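Q: One-letter residues, chain by chain:
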Amino acid sequence: MVTNSVTANRRENLLDSAVTMSLSFCLLVVIIIIWQIVTTFGVLPAYLLPTPAATAQAIWHDLIDPQFWSGQLLQTLYVVLVGFVIAAVMGILIGPLLIVHPLVERSVYPFVVAFQAMPKIAMAPLILVWFGYGHTSKFLITALVAFFPVVVNVIAGLKAGDERQLILMRALRAGWWTRMIRVRIPNALPYIFAGLDIAAVFAVIGAVVAEFLGSSNGLGSLVIIRQTNVDTPGLFSVLFFLAAMGSLLHFVIDAVAKKFTFWSQSADTKVAKR
Amino acid sequence: MTDVCAIDELVNHKSRNKMPLLSINGVSKSYETRRGDNVLAIGEVNLQLAEQEFVSLIGPSGCGKSTLLHVASGLLRPTTGQVLVRGESRPIRAEEFGMVFQDAVLFPWLTIRQNIEMPAQVLRIPKHVYRQRSTQLIELVGLANFGDMYPRELSGGMQQRASIARSLIHDPELLFMDEPFGAVDAITREALNIELQRIRTVARKSVLFVTHSIAEAVFLSDRVVVMSSRPSQIRSVIDIDLPAERGPELIESPEFDSIVRKIHRELGRHGH
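So the sequence lines, in the order shown, correspond to chains A and B.
Taking this note's numbering, the leading residue of the first sequence gets 48, the next gets one more, and so forth.
Taking this note's numbering, the leading residue of the second sequence gets 132, the next gets one more, and so forth.
Any given hint might turn out to be false.
Chain A is nowhere near these chain B residues, computed Cβ spacing over 12 angstroms in every case [what the hints assert, rightly or not]:
no. : residue
1   : SER161
2   : GLU175
3   : GLN213
4   : VAL260
5   : ARG297
6   : ALA317
7   : ARG320
8   : ASP353
9   : ILE365
10  : VAL391
Covered by chain B, according to a simulated footprint, are these stretches of chain A (three or more residues, beta-carbon under 8 angstroms) [what the hints assert, rightly or not]:
no. : stretch
11  : 56-64
12  : 221-234
What the hints contain is simulated information worked out from the structure, not anything from laboratory work.
From a predicted model like this one, the values you see are computed outputs, not experimental measurements.
Glycine included, C-beta positions come from ideal geometry on N, C-alpha and C.
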């Protein structure tokens, strides 16, 4: 009986995802058709909007170019991943420290809010001045941009959950650490993963900006070079690969999140107000 | 030498039995409001709970019954008075009591069995001890085939059964139950009452039980304590002279009815 309903459920889910996937594909076809019409009838000149074919060709050209992979795409991916990991680790370690005691929280939180309100991108030139035009600067800019979504969600997550779960732990005379491990951290996981998801996207932004400013490789610098050459199909190609990178990170995080927060019915919606 | 020891033990044993398991002596609790006023939630309560006794606290909502439960379990400090455990002035130990809330308050990331075993792990009870107990308790509360399921796969009533099993895992002498069946429907509630009556007879626990339902209090209790609204005080204590073994048929008996009516009058005496 139970297994029957499970298989029925699974079949329903499969059907559901098949329907969504074909709908998404149809939407893509419609977009490309409109795009083709706009370019064919010369509504926009080709140097502003290249044809779908020219764009596809540019993407293909990049895809089979080993130099594009080693000199640009993987460079950016490397910066994104290192920056993201720094942001994630720092956010997960610093978040709990900020709420260790109400007094600490009240005194430190205004700084967190003020720092968060500042566009971190604007700090990128300063970081280049401090750390020079090397990998360190790129990692730091990326980590800085990606850090806040993590830390804010960690804090929100650690405060989430049913207060009575904590009363239960206090009735068992459980100490701070036990309450943390058994109640606060599990409750925080859906929030932390939501924060990591946002952080991954932010990390891509941070890495591209860092490469805009002072880099001779990476997709960010490639964007500048192609802009100078008025290589519009090439620019579209870079955007395509950046979108693909962001999506890939999202799907990886989502898959890990599902493993750890299967019990949370609204894991996707748990995002702290930023 | 041995004789002295034996006498000593005998005396200790005797006094141990005579001492109530829990005495609440002149306990009051006041809160400070945001505006800085002192509000008295409980005013001077004296109450004794003997071993294996089931005592219900009944009274209007917000009358501080839950506060009293929190003071008794050592989660809150009384403003005046003290709580004695077997005559000793000390907070009750975690090993000595279990707690059940209005909702099950299970951890959604743990299976039913893991939820039930959680207190035992926190209290560092050896696994071979608690594993055996959790199996028995899952059976006792009628969840035999649901141990590996997650809380959200179970109904509210079943979740509450799991939380009762959880409160019993470390084999405490005393249970604090704060309106445990307040959130389930009337039919499930009656079934759970009958079940709790059975569990209590099997497990031989003392229970301090907060409820809004007169019938529930009468059905389950040895004594019913009627409380007044804030600041809450004990208005009267009613002994329930019904047989220890109680089944569903009792609810329809005239004796049951007359006690229910008596408490009803007691509650309505001053209006609220």
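Q: Now tell me if each hint is right for this structure.
A: Okay, the hints, checked on the actual structure:
Distance check on B/SER161: its Cβ is at least 20 angstroms (rounded) from any Cβ of chain A, clearing the 12 angstroms threshold; non-interface status holds. Under the 12 angstroms C-beta cut-off, the non-interface status given to B/GLU175 relative to chain A holds; the minimum distance is some 25 angstroms. No beta-carbon of chain A is positioned within 12 angstroms of the beta-carbon of B/GLN213; the least distance is around 19 angstroms. Against chain A, the non-interface label of B/VAL260 holds: every CB pair exceeds 12 angstroms, the least being about 16 angstroms.
With a cut of 12 angstroms on Cβ distances, B/ARG297 falls inside the contact zone with chain A, its closest approach being about 9 angstroms. Remark: the non-interface label on B/ALA317 is consistent with the geometry, its nearest Cβ contact in chain A lying 24 angstroms away (cut-off 12 angstroms). Residue-level check passed: B/ARG320 sits 20 angstroms from the nearest beta carbon of chain A, beyond 12 angstroms. The claim that B/ASP353 lies off the interface holds: its Cβ sits roughly 24 angstroms from the closest Cβ of chain A, which is beyond the 12 angstroms cut-off.
Interface exclusion of B/ILE365 from chain A stands, the closest Cβ pair being 24 angstroms apart, more than 12 angstroms. Its beta-carbon lying about 30 angstroms from the closest one in chain A, B/VAL391 satisfies the requirement of being farther than 12 angstroms from that chain. With 0 residues carrying a beta carbon less than 8 angstroms from a beta carbon of chain B, the stretch 56-64 of chain A misses the three-residue requirement, and the given coverage is violated. Evaluation of the coverage hint for the stretch 221-234 of chain A: fulfilled, as 5 residues show C-beta separations to chain B shorter than 8 angstroms, against a requirement of three.
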